[in-house]
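**Q** Can you build the whole structure from these sequences, using the hints too?
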Amino acid sequence: MKKILYKLVAVIIAVLLLPFILTLVFSNKKSHYFLETMDFHIYYEKDGIRQKLDFDEYLIGVVAANMPAGYHIEALKAQAVISRTYALYNVSLLSEENPNKKEFTASELGLSYIDLDEMKRYWGSDNYVSYFTKLENCVHGTQNEVLIYENNLILPVFFGTGTGHTRNAKEAWGIDIPYLKTVSSKQDVTSIHYLKITEYDTGILIGILKQVYPSINISEDSFFKEISIAERDSTGYVLKVTIDDLTISGEEFAASLGLNSNHFYIEDYEGKARIICTGVGHGVGLSQYGANAMAKEGYSYSEILSHYYSGVKLTTLDK
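Residues 1 to 319, numbered by my numbering, are exactly what the sequence shown covers, in order.
Hints may be right or wrong, so weigh each one.
Below, simulated EDC-like cross-link-like pairs (lysine to aspartate or glutamate); rule was C-alpha separation at most 20 Å, straight line [said to hold, decoys possible]: (1) Lys134 with Glu145; (2) Lys186 with Asp233; (3) Lys170 with Glu150; (4) Lys225 with Glu199; (5) Lys225 with Asp176; (6) Lys186 with Glu199; (7) Lys46 with Glu57; (8) Lys240 with Glu267.
No lab work stands behind these hints, which were simulated from the structure alone.
**A** What follows is the structure, given as structure tokens:
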């Protein structure tokens, strides 16, 4: 139970820090200037060994860690551009803070990364060569391409599966980011991960919540009177939940229960608490499932990126 609690607390901290981090990033114009140089090195640390990575090698590992390799090649190309932009955005940000910094760890650049051994375990030996070649072609096929908005590298956030529309960053995080607006992503509702229904005995659910929020005073008899969704955004994501006299964010509540997203409903189902959750992730930026669906419909990676990131330009960096 303690291990589970520690994991939940870690997730909650990450969720709570995201708006704070975004505020810092977007309050400082220098932090997202267009990167003028690619003169830096990336290192990956594992089992006490520090390995230097070629940038393309790093990008292959990032795409492998963040999107299913079985997705359409145009969706994977979109993810490659996102990964490159995301990494260089953070290189630019960290370089502004420390102009002499030329070495970065994979973890500093903000995206999950897996190495070749992890790819082999994840994909299996039968798929490893074909999947690796596929991702390599996606990275090389978008060589040096990044997304910019008004000549600044963007922060291209993404998520797994949406609920029919993406979210506006202003509503989600309280920060007006011009390229992160609400757009249609109607294909998401066909995902096998779109809907998840979980039922709890109210006593068990109260016990879980009290582990995270010990100050709440709520009983099984009063459960459905003492817990309520206080606020949603225009796309239905929960912004605030009230438990007893405590008000918490929808993201924090979702993280405390391990829900796939903060787009959820709570209902009394034959005396049990039934939580109906749709979508996977925060809902802002590019929907990976939606991108794959668009690719299957014949859209190119550049069209996919233009759809999910409003007003951006796809451009090529001089290395």
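**Q** Which of the numbered hints above does this structure break?
**A** 5 and 6
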